[in-house]
Amino acid sequence: MSIKSALCAATAFTLVTAGGAFADGHSATITIATVNNGDMIRMQGYTDTFTEQTGIAVEWVTLEENVLRQRVTTDITTKGGAFDIMTIGMYETPIWGANGWLVPLNDLSAEYDAADILPAMAGGLSHDGTLFAAPFYGESSMVMYRTDLMEKAGLEMPDAPSWSFIAKAARAMTDRENDINGICLRGKAGWGEGGAFITAMSNSFGARWFDEEWNAQFDTREWSDTLNFYKNMMDDAGPEGFATNGFNENLSLFNQGKCGMWIDATVAASFVTGDDSTVADSVGFALAPDNGMGKRSNWLWAWALAVPAGTQQEAEAKQFIEWATSKDYIELVAANEGWANVPPGARTSLYENANYQAVPFAQMTLDSILSADPNNSTVDPSPYVGIQFAAIPEFAGIATEVSQEFSAAYAGQQSIEEALEKAQAITNEAMEAAGYR
Amino acid sequence: MARAVTTNRKIITTAVAWTIALILFFPIFWTILTSFKTEAQAINDPPLFFNFDWTLENYAVVQERSDYMKFLWNSIIIAGGSTILGILIAIPAAWSMAFVPSVRTKDILLWMLSTKMLPAVGVLYPISLIFVEFNLLDTRLGLIVVLMLINLPIIVWMLYTYFREIPGEILEAARMDGATLRDEILYVLTPMAVPGIASTLLLNFILAWNEAFWTLNLTAANAAPLTAFIASYSSPEGLFFAKLSAASTMAIAPILILGWFSQKQLVRGLTFGAVK
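Going down the list, the sequences are from chains A and B.
According to full-length UniProt numbering, the residues represented by the first sequence are 1 to 437, in order.
According to full-length UniProt numbering, the residues represented by the second sequence are 1 to 276, in order.
Read the hints as simulated data drawn from the structure, not as lab findings.
The reader is advised that the hints may include incorrect statements.
As the list claims (entries may be wrong) - Some chain B residues judged to face chain A by a derived CB distance under 7 Å, without partners named:
no., residue
1, Pro126
2, Ser128
3, Leu129
4, Asn217
As the list claims (entries may be wrong) - What the simulated footprint calls covered on chain B by chain A, stretch by stretch (three residues with Cβ under 8 Å from a Cβ of chain A suffice, anywhere in the stretch; the number is not a length):
no., region
5, 42-55
6, 132-139
7, 220-228
8, 231-241
Ideal Cβ positions, reconstructed from N, Cα and C, are used throughout, including at glycine.
Pulled out of the complex, with its shape left as it was, chain A reads as follows:
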């Protein structure tokens, strides 16, 4: 074959196969963008049941959380229409709902029982009282601790500990020779990683991101107290390199028996008591700590399903959402995989179910969720909604930069004071550019 004919053949082949993508698609097929975590993957496994019941086929696009966020944000702002359902969180929902980018979910069927959605979740996924996303699962944060190490340290964990108790217990449980760290906490840069943790923690120290005129508050004593307390405790009792640890790194350490305590998402409870954990039999739970100022350091989050405005398959998309976030779906998962594996934190009725009440972390998860109030998250009044974030479009960018400064301070690359000064400047500059100040 000559070069000319080889090139011609290859080009023709490419054009024919490339064009094949146009022919794909089906009138009763919906495309769902979702995040890769255990509950979502489990849901994908039951898709056939939904298709059998409704005749609607489902295409899944599963992405890592940060990639998903970028992908769905691009799609919704450019009206790309690639997805009929998007998995989004409590941060995006009220903002996108206010912009008219999401289809309101105020016409779900009576059998769906929207009133059964936990009020904290419904509130965080609404704008002006209209629900824009249905929670698939919800989470708060709490203390997970090793009961055996706590006992060895001669201490007893209260149901609602204070930060001073946590610091004391962390130092007492630390055993460097045996590679046991008293406490493992997120320090990794990123607004959803270390940024979320330190913001939730700062609430309990009386700090806030903005005053009522949207001025940054990093020059206050409360923020300085938060960061100094965190760093001193982690230097004394945290793992080496904690400044780069996120959820997964800490989960790995805890499951290997290298953490006395871990304060993180309630969804982690099923991991630390699961088959992959070497300490599953000696894990206890407590509320996230407070500092005697009336606010705890727990956050509130939900992964929820929303329908982007402009989708051609609105009815089918809503049908899927009703199915995936229904009581029947919870029953389906429980029947096949046990009550410990049902998506938690979304429905009141789940916590009234005697079978679920027997799951060791169920009550503490509910208590944690109920104690979180996104509309009143700070000791002093603040102009924003959200606990571990401020629900404004600019927050993700600002908080990512700020958390990078904080991580640099945790790693000893700069002082706490320098990090806070930079955070103050970054935030005020961005808020001014955005027209808030």
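Given the structure of chain A, go ahead and fit chain B onto it with the hints provided.
Frame of chain A, contents of chain B only:
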């Protein structure tokens, strides 16, 4: 006069080369090894090298969860299509730059290369809007065009370097024999530059195969290639390293095999013109 190479020098050079090669290969080796572990073994500290119970469970889970062949096929079409389209455009461009250069040729070449310095995210919205407008979102055709444009500067540069090695007198002789421009490029220049074109094809195929920004941001369910397949196993909330490693191994296997069989051409392509 050529300098004699001592045995000691040979040993040292070989040892250094092997050390560097092993360091470079280690992440791939570790990924493959991890894919045969359980999730608990994958995070074990100290890390487990060979003393663990080998399992194929991760591959089974990945096969069950994802349509690997669909992703693979998309990767082949997108990487292959963008490379071929790029070559078709780059051959005439490189010919003109190599044999009929203008005073601005060097500037144009540098400008083309400078576009590679632009962060991709900087043009995410304009490209996305163009894709929406032309109904190209989540199509293989759209990705072929975008990846071709991204890699075109490299293709032109490489071909330009090869073409410069070919004496202009040969083309002149063809013209004197009555060859048209089309005949000159197609029947004289291209056959002489086949080794160069082959290595350019291979390198750009690999670059397009590995491209992970546009292939993630411009696809959904239909045109997603293996980069999206890997991304679907990455999670910041949950330990899925073993499954992620299995997915990564399946994604890199075809390109590793291709690279292994074509390493001579690749090395020649990358070093051509470096030593004169």
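Hints versus structure:
1. At a threshold of 7 Å, the smallest CB-CB gap from proline 126 of chain B to chain A is about 10 Å, leaving the interface hint violated.
2. Hint status for serine 128 of chain B relative to chain A: holds, with the closest Cβ pair at about 5 Å, below 7 Å.
3. Restraint check, leucine 129 of chain B versus chain A: the minimum CB separation of about 5 Å is within 7 Å; hint holds.
4. Of the supplied interface hints, the one on asparagine 217 of chain B holds, with its beta-carbon coming within about 6 Å of a beta-carbon of chain A, less than 7 Å.
5. Coverage of the region 42-55 of chain B by chain A holds. Counting CB-CB distances below 8 Å, 3 residues qualify, and the rule asks for three or more.
6. Counting residues of the region 132-139 of chain B whose CB lies closer than 8 Å to any CB of chain A gives 4, so the stated coverage by that chain holds, three being the minimum.
7. With a threshold of 8 Å between beta carbons, the proposed coverage of the region 220-228 of chain B by chain A holds, since 6 of its residues qualify and at least three are required.
8. Counting residues of the region 231-241 of chain B whose beta carbon lies closer than 8 Å to any beta carbon of chain A gives 10, which reaches the threshold of three, so the coverage claim holds.
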